[in-house]
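There are 2 protein chains.
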Amino acid sequence: MRKLRNRQWLLKSRPEGQVATHNFGYHETEIDPHQIDDGNFLIENKAFLCAPTMRNWMDPPSKNLYPSISIGTPILAPAVGKVVESNNKQFPIGSRVSTLSSWQDYEQIDPTGRPVNFVAEGLSSVESIGKFGLNSLTGYFGLTKVGLPKAGETVVISAAAGATGSLAAQVAKILGCRTIGIAGGREKCTWLSEEIGLDGVLDYKIDKLNDGFDHLCPNGIDVYFDNVGGAMLRTAVNHMAKFGRIILCGQISTYDSDQAASGPEDMMRLIYGSIRMEGFLTRNYTAEFPEAIKQLREWEKEGMLTLKEDIRDGFDNLPKSYLDLFTGQNRGTLVVNIRPD
Amino acid sequence: MRKLRNRQWLLKSRPEGQVATHNFGYHETEIDPHQIDDGNFLIENKAFLCAPTMRNWMDPPSKNLYPSISIGTPILAPAVGKVVESNNKQFPIGSRVSTLSSWQDYEQIDPTGRPVNFVAEGLSSVESIGKFGLNSLTGYFGLTKVGLPKAGETVVISAAAGATGSLAAQVAKILGCRTIGIAGGREKCTWLSEEIGLDGVLDYKIDKLNDGFDHLCPNGIDVYFDNVGGAMLRTAVNHMAKFGRIILCGQISTYDSDQAASGPEDMMRLIYGSIRMEGFLTRNYTAEFPEAIKQLREWEKEGMLTLKEDIRDGFDNLPKSYLDLFTGQNRGTLVVNIRPD
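Read top to bottom, the protein sequences are chains V and H.
Take the first sequence: its letter number 245 is residue 901 in the working numbering, and every next letter is one higher.
Take the second sequence: its letter number 300 is residue 956 in the working numbering, and every next letter is one higher.
Bound conformation, chain V alone (with noise of 0.2 angstroms):
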């Protein structure tokens, strides 16, 4: 095999703020195929999943214990591609993956060092990490696993109209829970309420929070899955029922700003409501993926799930697409194809 093209989307510059198409530098090297280390494997990317919490990544080393993408590296994102080459027998040529990996046509993959899991049997590429990725999963494991929600408790999803927002609504109300939506603008809360069929929706561009909880969860909330942080999580605190639970999933409100996600405003209604909040990362279920992706796959052939994926096609177009996320302008997960089966 000869050298080969690897085009990369590179951190050009960090984002003061809002992220923008300057902060991407475009790039060519070449890859040599038979430089493998021992162990490792080269993937060829097919697509890449856009997920908010990159924009975290482009920030300066910290001590939130989330990685720094280092100027002039590619940009690190969840990817599904094919092995090209291996030093690894437990991925052979011509097995699909999906791993971290960065936007480029090829990278050498340490799997010890990430979780790597092999695309499910009838899965498409882009499906194995849109419809069935990273957002479906968070939103699963985050509410199973972290809300542990029971039949007819009161379950509020914030940014419920995204991917993982709306699969954790839709597998609230499979589980019995009496599910509200927070969301913004009348085309998503409409989708939320007449098509996934949520027991209440908030408006947070009309709607004021506080008022909305108290006539929509009159005996509080009893899990908070929290995807955006800030005030409309410090509103939910106030609002949380004793022994409530908040999935710490995500803090979209500040990601693309210079603001840190600060907390709660007074830790006392934790203390005497006895409620939990709990941080988690979906790559800590590894293990039982394929088992929730088997259900979710049921589910959505049973016509009990809507999964939204919105794909964008090229590798030219991941930059604009990646930004895409931040102004609202997706339509459910956000893959970018840039190899299509």
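For the record, the hints were derived by calculation from the structure and aren't laboratory data.
Among the hints, erroneous ones may be present.
For chains that are exact copies, the list does not tell them apart, and a pair is met inside one copy or across any two.
Straight-line C-alpha distance at most 20 angstroms; calculated SDA-like pairs for lysine to any residue [claimed, not checked]:
1) K898 / G769
2) K801 / Y941
3) K801 / F899
4) K719 / F899
5) K861 / T891
6) K801 / G778
7) K719 / K864
8) K898 / P717
Given the structure of chain V, go ahead and fit chain H onto it with the hints provided.
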């Protein structure tokens, strides 16, 4: 039985910032021991526990889920007393019970409205709310039920020389954890390192906590027992290990002030660290009190636990003794004995 003279300390005014003796007012009433509602009993209080969190109860009603003492009514307080009249067969005359009562000689108790525990055989009244009372039980249940420490893990206890903190620290040692205590001043720190035998001690009055954690907890904090809140909590959050647990027990740094107990400065660390923060009330574990008290008594008998009581005498001294909690003048669990056994 004729009418009983009933001395009271009332909340005369709400503290603005620091609580002071002028916030309390002395009053006397008479109690008719024959007017006891069905199912209730009359308790003759023998001793009161002075608990820091009572300061919160002196604030106006809020969304914080804790009681707010009405102006002109007796100060709510954990107490031990003797049943002197009863319309409830479960609580016959002569029983000794601990419950939430208030600063007065007599109070009619409705046992359906609050937990009531019988004093364990062999314990004095003072011991039942002192050494083996709520402060110790709070340390025990918070550490074991919320913190879930495993042998070999690093546990950090704030206010570690206090009644709750020192119990939690000693139990952490018994469970095989590397245990670091934070306290203020040389006397307390020396006691913790030399008599209690902690693995490390930080004096928040002179040590920089950030550097101290770097030095004493190089692999991060697995369990943080938070009695203090505020800046100390925020620094600890930045040093939590992955899958760390923060036991939200108290926020004493803000009780005696006009400020709310604000939370972490960046929730992202909780997300990427899969960190859990959980509030609790000791009364959640009421059913397990007898077993826990038995365990603590055994450990004390075997010389594995040092339990400190600071016993004051006299009803008249209640407000003054209570204030000592906030100036650090107490040495261990502060109990005011108004009617010796």
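Right, here's what the structure says about each hint:
1. K898 / G769: between (40 angstroms within a copy, 16 angstroms between copies)
2. K801 / Y941: Classified as within: same-chain Cα gap 9 angstroms, cross-chain 23 angstroms, threshold 20 angstroms.
3. K801 / F899: Intra 16 angstroms, inter 14 angstroms, cutoff 20 angstroms: intra and inter.
4. K719 / F899: For K719 and F899, only the inter-copy Cα distance (15 angstroms) is at most 20 angstroms; the intra-copy one is 30 angstroms.
5. K861 / T891: Within one copy, since 15 angstroms is at most 20 angstroms while 35 angstroms is not.
6. K801 / G778: neither (27 angstroms within a copy, 44 angstroms between copies)
7. K719 / K864: between (34 angstroms within a copy, 17 angstroms between copies)
8. K898 / P717: between (37 angstroms within a copy, 17 angstroms between copies)
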